[in-house]
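**Student:** Residue strings, one per chain:
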Amino acid sequence: MFNNLFNRKHGKTGEVGETVTWMIATVIIIVILLISISATVTGIFNFKNFNYMKQTDVLASKSFFSYLLTESEEGTSVYEKLGSEDNLSEFNGELAKDIFTEFYGKEYLAVWIGIFHNRIVLSYESNEYFGKRPSLVAYGITEKVKLNEDKSIEMILKVISVKI
Amino acid sequence: MNKRGDKLISVYWFAILFIVAGGIVYMVSAFYGKPYDVRGAEADILTSKIAKCISEAGYLKDGVLEEDFKNNFIESCAINFQAEDVYDWRERGQYYVEVDILEFNTKNKLSELSEGNQGLKLDCGLEGEGFPVCVERSLYSIDENGNQYQINILSIVRKTEKNVQ
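Quick note, the sequences are listed as chains A and B, same order. Residue numbers for the first sequence, in the working numbering: 6 to 169. Residue numbers for the second sequence, in the working numbering: 2 to 166.
Keep in mind the hints are simulated off the structure, nothing from the lab. Heads up, some of the hints might be wrong.
Quick list of in silico lysine-lysine cross-link-like pairs, PhoX-like style, CA-CA up to 20 Å [said to hold, decoys possible]: (1) Lys50(B) with Lys62(B); (2) Lys102(A) with Lys108(B); (3) Lys59(A) with Lys53(B).
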């Protein structure tokens with residue numbers, strides 16, 4: 006008699022516990038489902054907008070080559086000047102800023118034009134017009150032109166997720 | 002008592018199964034029912050093609066500032082504005098291109114040309130998915146005499162029906 010009463014009492018406790026578990030499980034399933042559906046419908050994971058990661062920029066590259074061909078009042082081109090000078094001079098630097106910062110500054114996370122020393126590993130000259138070279142350019146568009154045996158001029162456009 | 006409980010659990014399981022399956026079907030149809038919007042990429046390609054046509058090897062191409070180039074812009078740059086023959090696209094024109102060539106230092110306009118459906122330009126700058134995609138970019142170029150130019154290219158692609166739903 007006492008045993009029966011004991012078992013029945015314990016069985017009921019078990020049933021209540023199980024029901025609560027099922028109810029919580031149901032609520033969790035429904036909540037996860039609703040979050041997933043609302044995320045899909047509202048477009049939080051907006052994979053449908055074709056934002057591609059640019060690897061080249063035709064317009065910036067063309068501007069870069071035209072910039073190097075531009076001649077100063079003395080008749081020397083930016084390319085020649087950079088080859089003979091240590092770093093960007095006033096003419097080269099101001100012109101580069103006028104072109105690249107103005108045209109592409111808003112599109113990219115960072116725009117940098119500067120001198121790269123070929124013989125020293127990872128040696129970039131910072132300059133007063135563009136500052137230090139951006140450190141992380143894993144997703145960047147780069148264009149490099151050799152000035153002489155020792156150095157090159159480099160253009161870096163650090164890419165954000167380009168939204169057009 | 003136990004059998005009734007088992008039956009109840011089975012019904013519950015089937016209900017959950019149908020709810021989850023229905024949810025997954027809805028999500029998949031909602032996601033794949035929407036098209037990819039490639040108009041931005043298309044406008045960007047159009048802009049690059051025009052840039053290649055106007056500036057070559059760092060120099061402005063010969064004759065770009067002349068009337069003849071303006072009048073035969075589409076042929077000279079080998080651009081095709083023909084869209085698919087759906088949703089009245091051919092009649093209404095789905096593209097618009099505008100090129101302004103300015104003197105770099107003074108920003109004086111030296112030449113301007115445009116082709117395509119000019120009406121699309123009115124929708125540029127408006128927010129929302131139902132409007133055309135506008136891409137406005139600039140490039141720098143020089144000519145053989147050392148004159149400096151700023152070239153502004155505006156490319157617009159509509160094609161809303163197939164890219165946005």
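**Student:** Compare the structure with each hint and give your call.
**Tutor:** Here is what the structure says about each hint:
Taking the CA atoms of Lys50(B) and Lys62(B), the gap is about 14 Å. The hint holds against a cut of 20 Å. Taking the CA atoms of Lys102(A) and Lys108(B), the gap is near 16 Å; set against the 20 Å cutoff, the hint holds. Our distance criterion of 20 Å between C-alpha atoms is met by Lys59(A) and Lys53(B), whose separation comes to about 17 Å.
Taken one by one, the earlier hints all hold for this structure without exception.
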